[in-house]
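Colleague: Sequence:
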Amino acid sequence: MAEDRAADLGLAALHGAPADWLHPPDLDAARAAQRAMAERVIAQDAHGPVARLGGADTSAERFDPAQRVHAALVTLDAGTLRPLAESGATRVAAFPYIPGFLGFREVPALLAAWARLDPKPDLVMVDGHGIAHPRGLGIASHLGVLLDLPTIGVAKSVLVGEPAGMLGAEPGARVPLVWHGRAIAMALRTRARANPLYVSVGHRVGLESAVEWVLRTAGRGYRLPEPTRLAHLAANRQRLGAAAR
DNA sequence: GCGACAG
DNA sequence: ATCTTGTCGC
Numbered sequence: 000m001a002e003d004r005a006a007d008l009g010l011a012a013l014h015g016a017p018a019d020w021l022h023p024p025d026l027d028a029a030r031a032a033q034r035a036m037a038e039r040v041i042a043q044d045a046h047g048p049v050a051r052l053g054g055a056d057t058s059a060e061r062f063d064p065a066q067r068v069h070a071a072l073v074t075l076d077a078g079t080l081r082p083l084a085e086s087g088a089t090r091v092a093a094f095p096y097i098p099g100f101l102g103f104r105e106v107p108a109l110l111a112a113w114a115r116l117d118p119k120p121d122l123v124m125v126d127g128h129g130i131a132h133p134r135g136l137g138i139a140s141h142l143g144v145l146l147d148l149p150t151i152g153v154a155k156s157v158l159v160g161e162p163a164g165m166l167g168a169e170p171g172a173r174v175p176l177v178w179h180g181r182a183i184a185m186a187l188r189t190r191a192r193a194n195p196l197y198v199s200v201g202h203r204v205g206l207e208s209a210v211e212w213v214l215r216t217a218g219r220g221y222r223l224p225e226p227t228r229l230a231h232l233a234a235n236r237q238r239l240g241a242a243a244r
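Under numbering that gives the first Met the number 0, the first residue of the first sequence is numbered 0, with each subsequent residue one higher.
Don't take each hint at face value.
Each computed DMTMM-like pair below joins lysine to aspartate or glutamate, with the alpha-carbon atoms no more than 25 Å apart [claimed, not checked]:
hint: 1; residue 1: Lys-155; residue 2: Glu-60
hint: 2; residue 1: Lys-155; residue 2: Asp-63
hint: 3; residue 1: Lys-119; residue 2: Asp-147
hint: 4; residue 1: Lys-155; residue 2: Glu-169
hint: 5; residue 1: Lys-155; residue 2: Asp-44
hint: 6; residue 1: Lys-155; residue 2: Glu-207
hint: 7; residue 1: Lys-119; residue 2: Glu-211
hint: 8; residue 1: Lys-155; residue 2: Glu-211
hint: 9; residue 1: Lys-155; residue 2: Asp-76
hint: 10; residue 1: Lys-119; residue 2: Glu-85
For each label pair, taking beta carbons as the anchor points, the in silico distance ranges come out as [claimed, not checked]:
hint: 11; residue 1: Arg-181; residue 2: Phe-62; range: 36 to 42 Å
hint: 12; residue 1: Pro-95; residue 2: Gly-240; range: 32 to 38 Å
hint: 13; residue 1: Ala-193; residue 2: Arg-30; range: 31 to 37 Å
hint: 14; residue 1: His-14; residue 2: Ala-84; range: 18 to 24 Å
hint: 15; residue 1: Pro-48; residue 2: Gly-15; range: 25 to 31 Å
hint: 16; residue 1: Arg-39; residue 2: Tyr-221; range: 15 to 21 Å
hint: 17; residue 1: Pro-133; residue 2: Lys-155; range: 14 to 20 Å
hint: 18; residue 1: Tyr-96; residue 2: Leu-239; range: 41 to 47 Å
hint: 19; residue 1: Asp-147; residue 2: Ala-31; range: 16 to 22 Å
hint: 20; residue 1: Asp-63; residue 2: Glu-169; range: 39 to 45 Å
hint: 21; residue 1: Asp-25; residue 2: Ala-193; range: 36 to 42 Å
hint: 22; residue 1: Glu-60; residue 2: Gly-180; range: 39 to 45 Å
Rather than coming from a laboratory, the hints here were simulated on the basis of the structure.
C-beta atoms are modelled at their ideal positions from N, C-alpha and C, and glycine is treated no differently.
All chains, please: the whole structure from these sequences, using the hints.
Modeller: Okay, here's the thing in structure tokens:
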């Protein structure tokens, strides 16, 4: 609707983002946009106190003729991990799912949800990779750069690179994910007998800190850290709610 | 040319 | 991502 587009345009204009950073006309423009945004990524701790943590994720219906993307953002108290707020938004996907270009498909809906979130978090964990991406701009970094927001990428599988060795069986075990001789993420076991998570820098958060945040919020018997786990549930509710309208 | 490939 | 309930095992 007109209201949705206004939210997108307003946020993009707020940071002087070129139109291609959100809606590139083709894959070549998309790649160029990712390379440009990747230069803006700050791969080290550069943020204030974190009183509130955030989680971001999206959901989609299997065969949706309308090609909708349902996004959800959640804010939780960084100390207690109790949810403080939640917001959702549904958008028609302007991009199909293509490995390496996930941001162009999901970020628009996430930005709309972000605009409605209150209170907002100081640091957000995004479902997907940060800089552990072919051009250094996974969805977590994409969202982080557009909003100049501290973000961490929390992916459930590898896009590029490979573990630099065997991963211990106990929770907390970790091993670098290496690509072209560089450690681009950390394979992190958050739960026994469960596949590891791949934690990477999103924006304004160093890798070591990113791993600490994930470990600190994943000690509840679940594989996913609380921010992302709650965002996933919220995104599903957003999808089911949208279906009933 | 062939296989890989976040969500 | 999603299709899908119960079931086996730690």
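Colleague: Now look at each hint and say whether the structure bears it out.
Modeller: Going through the hints against the structure:
Between Lys-155 and Glu-60 the alpha-carbon distance is near 20 Å, which keeps this suggested pair within the 25 Å criterion. With a C-alpha separation of about 24 Å, the suggested pair Lys-155 and Asp-63 falls inside the 25 Å cut-off, and the hint holds. For the suggested pair Lys-119 and Asp-147, the alpha carbons sit about 13 Å apart, so the restraint of at most 25 Å is met. Between Lys-155 and Glu-169 the alpha-carbon distance is near 18 Å, which keeps this suggested pair within the 25 Å criterion.
For the proposed pair Lys-155 and Asp-44, the alpha carbon gap of about 23 Å is at most 25 Å, so the pair holds. At roughly 18 Å between alpha-carbon atoms, Lys-155 and Glu-207 fall within 25 Å of each other, so this suggested pair holds. For a cut-off of 25 Å, the pair hint linking Lys-119 to Glu-211 stands: about 21 Å separates their Cα positions. Taking the CA atoms of Lys-155 and Glu-211, the gap is about 17 Å. The hint holds against a cut of 25 Å.
The hinted pair formed by Lys-155 and Asp-76 meets the criterion: a straight-line CA distance of about 24 Å does not exceed 25 Å. Restraint check: the Cα-Cα separation between Lys-119 and Glu-85 comes to about 9 Å, which is no more than 25 Å; the hinted pair holds. The supplied range of 36 to 42 Å is met by Arg-181 and Phe-62, whose beta-carbon atoms lie about 39 Å from each other. Take Pro-95 and Gly-240: their Cβ atoms lie about 24 Å apart, and the range 32 to 38 Å is violated.
Range check, Ala-193 to Arg-30: Cβ separation about 34 Å, and the 31 to 37 Å hint holds. Our hint of 18 to 24 Å for His-14 and Ala-84 holds, since their Cβ atoms are close to 22 Å apart. Taking the beta carbon of each, Pro-48 and Gly-15 are about 27 Å apart, inside 25 to 31 Å as hinted. Checking the proposed 15 to 21 Å range against Arg-39 and Tyr-221 shows it is violated: the Cβ atoms sit about 33 Å from each other.
Distance hint for Pro-133 and Lys-155: a CB-CB separation of about 18 Å, consistent with the stated range 14 to 20 Å. As the Cβ distance of Tyr-96 to Leu-239 is approximately 20 Å, the hint placing it in 41 to 47 Å is violated. Here the CB-CB span from Asp-147 to Ala-31 is close to 20 Å, well matched to the stated 16 to 22 Å. With their beta carbons about 41 Å apart, Asp-63 and Glu-169 fall inside the hinted range of 39 to 45 Å.
The hinted range of 36 to 42 Å is satisfied by Asp-25 and Ala-193, whose Cβ atoms lie roughly 39 Å apart. Range check, Glu-60 to Gly-180: Cβ separation about 41 Å, and the 39 to 45 Å hint holds.
Hint check: violations occur at hints 12, 16, 18; the rest are consistent with the structure.
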